[in-house]
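Student: Guided by the hints, dock chain B onto chain A, whose structure is given.
Number of protein chains: 2
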Amino acid sequence: MQKPIIYLQKAFRKEFVTKIQEIAPNYQVSTELADDELNNVEISVGWKQEKELQLLNHSNLKWVQAVSAGVDYLPLSEFEKKGIFLSNGSGIHSLSISEHVIGTLLTYYRGIGQAIKNQAVKKWDQTGIHYDQLSGKNLLIVGTGHIGKQLSVSLRGLGVNVYGINTTGHPVSGFIETYSIKNLAKIAEGMDIVVGILPGTEATYHIFNSDVFSHMKPDAVFINVGRGDSVHTKELATALKEQQIAFAALDVFEEEPLPVDSELWELENLLITPHISGMTVDFQRKFMTIFLKNLKSYVADGKLVENQVELRRGY
Amino acid sequence: MQKPIIYLQKAFRKEFVTKIQEIAPNYQVSTELADDELNNVEISVGWKQEKELQLLNHSNLKWVQAVSAGVDYLPLSEFEKKGIFLSNGSGIHSLSISEHVIGTLLTYYRGIGQAIKNQAVKKWDQTGIHYDQLSGKNLLIVGTGHIGKQLSVSLRGLGVNVYGINTTGHPVSGFIETYSIKNLAKIAEGMDIVVGILPGTEATYHIFNSDVFSHMKPDAVFINVGRGDSVHTKELATALKEQQIAFAALDVFEEEPLPVDSELWELENLLITPHISGMTVDFQRKFMTIFLKNLKSYVADGKLVENQVELRRGY
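These protein sequences, in sequence, are chains A and B.
Under my numbering, the residue at position 72 of the first sequence is numbered 72, and the numbers go up by one with no gaps.
Under my numbering, the residue at position 259 of the second sequence is numbered 259, and the numbers go up by one with no gaps.
Hints are computed from structural coordinates only; laboratory data are not their basis.
Any given hint could be a false lead.
Identical copies look the same in the list; a pair holds intra-copy or inter-copy alike.
Cross-link-like lysine-lysine pairs, in silico, DSS-like; alpha carbons within 30 angstroms at most [unchecked claim]: (1) K241 x K123; (2) K123 x K149; (3) K241 x K296; (4) K186 x K137; (5) K137 x K293; (6) K296 x K3; (7) K182 x K217; (8) K182 x K48; (9) K296 x K217; (10) K122 x K217; (11) K234 x K217; (12) K117 x K137; (13) K82 x K217; (14) K3 x K217; (15) K117 x K217; (16) K182 x K296; (17) K186 x K122; (18) K182 x K123; (19) K137 x K10; (20) K122 x K48; (21) K122 x K234; (22) K81 x K303; (23) K3 x K123; (24) K241 x K14; (25) K48 x K123.
The following block holds chain A by itself, in its conformation from the complex (with noise of 0.2 angstroms):
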């Protein structure tokens, strides 16, 4: 009888794919599958559009781990109905993310963005550079996950004070306080900076709106790096024009690619960023922490112990 396949749907070190035969000797680890093999595959690792069909339909798939932190565009119902195990990478992107966001404000903050602009055209101007000081803001983290977490961390380093939202406002350590969604728009009159951190679910669709923004402060910042269409982008857009809030960044938008006939590019007060805040160096060796250590208790008993995504909730 044919072994069961671990099915890699994307290229890893030599080093990981041996060590992946040493947890799993009784596994075939592949990367190519050949027509007879589907039906033995059992372990995904990473999951394409373009496969979905033929695993979900003719493998005896039991689980798969996603490489990214979200997980919206995976069929979580079907996996329900079928018993999948789905895993994510969350935590492998959040120092990068983390990273990215602190760039971000401190581009607006210290008015590097506008010195780019200015250099781009030989122009030395001080006297419109607008700065601010990063240290002391009040600063809204909605979504107090993994990424959420080591943002926390990194900020307090530099002086911010930091609040979280979450589902229920459970407390989180680090956070100097932390809320319920449900009272975002309230929260958010009070803050600095709120920054997006949110998963993909029916429950965040368009949650960041003309409500939450109208009730921020005219010299705040909003910043998004979660899900794209958890920001109701034309709202956004007018909240930007009217200068209801100072500055925006996104990482993240509805449509991806940004169409080239977005209203956002000229927005003078909006950065945009092509879906870049996760990009990390040494991804390999960081989503492995987490797929190795699953596939060992996977082996042993059939268990997860890392980052099992509860598919009813979405992440």
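Tutor: Chain B alone, transformed into the frame defined by chain A:
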């Protein structure tokens, strides 16, 4: 007899003028001088070029409290000859400069600078983005004074390994190791980032030169927020063009404003900011914590307790 004058060469809020008057009731506080008042000036707050000769030759000046951290633009040897005390504003700008340096680093490491340039032409480009991780980097701060210490605190919170250089290599708390300036080129060899925060003195003139740059790693970053002429600009430009180092950011220049025909403007791997790193919110309050402390002590026993400059040394 007329009261001696505290001459404010910069306007301060009424609350601070009142405090000055409370601490020094036997002095007159003036922001403008009548001709016959010049010889009564004993203390000058701030130092403007256009008043220099008048004050040096016709006043009874005993103490100048500078607003800036660097004091190389003041007539130090004249002060020494006449026994005039000088104190500087070191410390006021530390937090701002520290945030500026971190902002500059993350602008580069997280590809934010590239994204800003792409946004101007509505270009969505993920694959061309250079990204790296600040956390874990080895960083050398050249100049372990007020600013260097603050920068070290902020950077350590972000996971950076911080080394220092000062005149003699004397240890400074918060630095993993400190070295003497005479070993600059050798120490720079092992660093991912070198940050210059040196005062302008004969000893620091053109200290960042081709010798240093040629020792640095090809993926290293150089930042200068100290004095412009501590950098040999022409040799830095060559190092950048030949990619001896990967990236540089200059906030200060040998000639300011940077002339429009300078070759620096067009260097792709150089970020130019127009001497803004020290711009700081709440400046008056920060400055007054230094000046009022000194004033109290000066009125009591003629001594300064904060930021007195050693005139021969120049800082």
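Student: Since the copies are identical, ignore which copy is meant and state whether K81 and K303 lie within 30 angstroms (CA to CA) inside a copy, between copies, both or neither.
Tutor: within (18 angstroms within a copy, 81 angstroms between copies)
Student: Within a copy, between copies, both or neither: which one fits K182 and K217 at a CA-CA cutoff of 30 angstroms?
Tutor: within (19 angstroms within a copy, 51 angstroms between copies)
Student: Between K186 and K122, at a C-alpha cutoff of 30 angstroms, which is it: within one copy, between copies, both, or neither?
Tutor: This pair counts as neither: shortest intra-copy Cα distance 44 angstroms, inter-copy 35 angstroms.
Student: Is the C-alpha distance from K296 to K3 at most 30 angstroms within one copy, between copies, in both cases, or in neither?
Tutor: within (17 angstroms within a copy, 84 angstroms between copies)
Student: Measure nothing new, just compare the shortest in-copy and cross-copy C-alpha distances for K241 and K14 to 30 angstroms and report within, between, both or neither.
Tutor: Classified as neither; 51 angstroms inside a copy, 37 angstroms across copies.
Student: Given a CA cutoff of 30 angstroms, do K234 and K217 count as a within-copy pair, a between-copy pair, both, or neither?
Tutor: For K234 and K217, only the intra-copy Cα distance (19 angstroms) is at most 30 angstroms; the inter-copy one is 46 angstroms.
Student: One pair to classify: K3 and K123, alpha carbons no more than 30 angstroms apart. Within, between, both, or neither?
Tutor: Answer is neither: 66 angstroms inside a copy and 47 angstroms across each miss the 30 angstroms cutoff.
Student: Is it within a copy, between copies, both, or neither that the alpha carbon of K182 lies no farther than 30 angstroms from that of K48?
Tutor: neither (34 angstroms within a copy, 56 angstroms between copies)
Student: State whether the alpha carbon distance between K182 and K296 is at most 30 angstroms within one copy, between copies, both, or neither.
Tutor: Answer is neither: 39 angstroms inside a copy and 53 angstroms across each miss the 30 angstroms cutoff.
Student: Have a look at K3 and K217 and pick one of within, between, both or neither, based on CA distance no larger than 30 angstroms.
Tutor: neither (60 angstroms within a copy, 48 angstroms between copies)
Student: Is the C-alpha distance from K182 to K123 at most 30 angstroms within one copy, between copies, in both cases, or in neither?
Tutor: neither (46 angstroms within a copy, 37 angstroms between copies)
Student: How do K122 and K217 come out at 30 angstroms by Cα distance, when the copy is not named: within, between, both, or neither?
Tutor: between (34 angstroms within a copy, 29 angstroms between copies)
Comparing the model with each earlier hint shows violations of hints 2, 3, 8, 9, 13, 14, 16, 17, 18, 23, 24; every other hint is respected.
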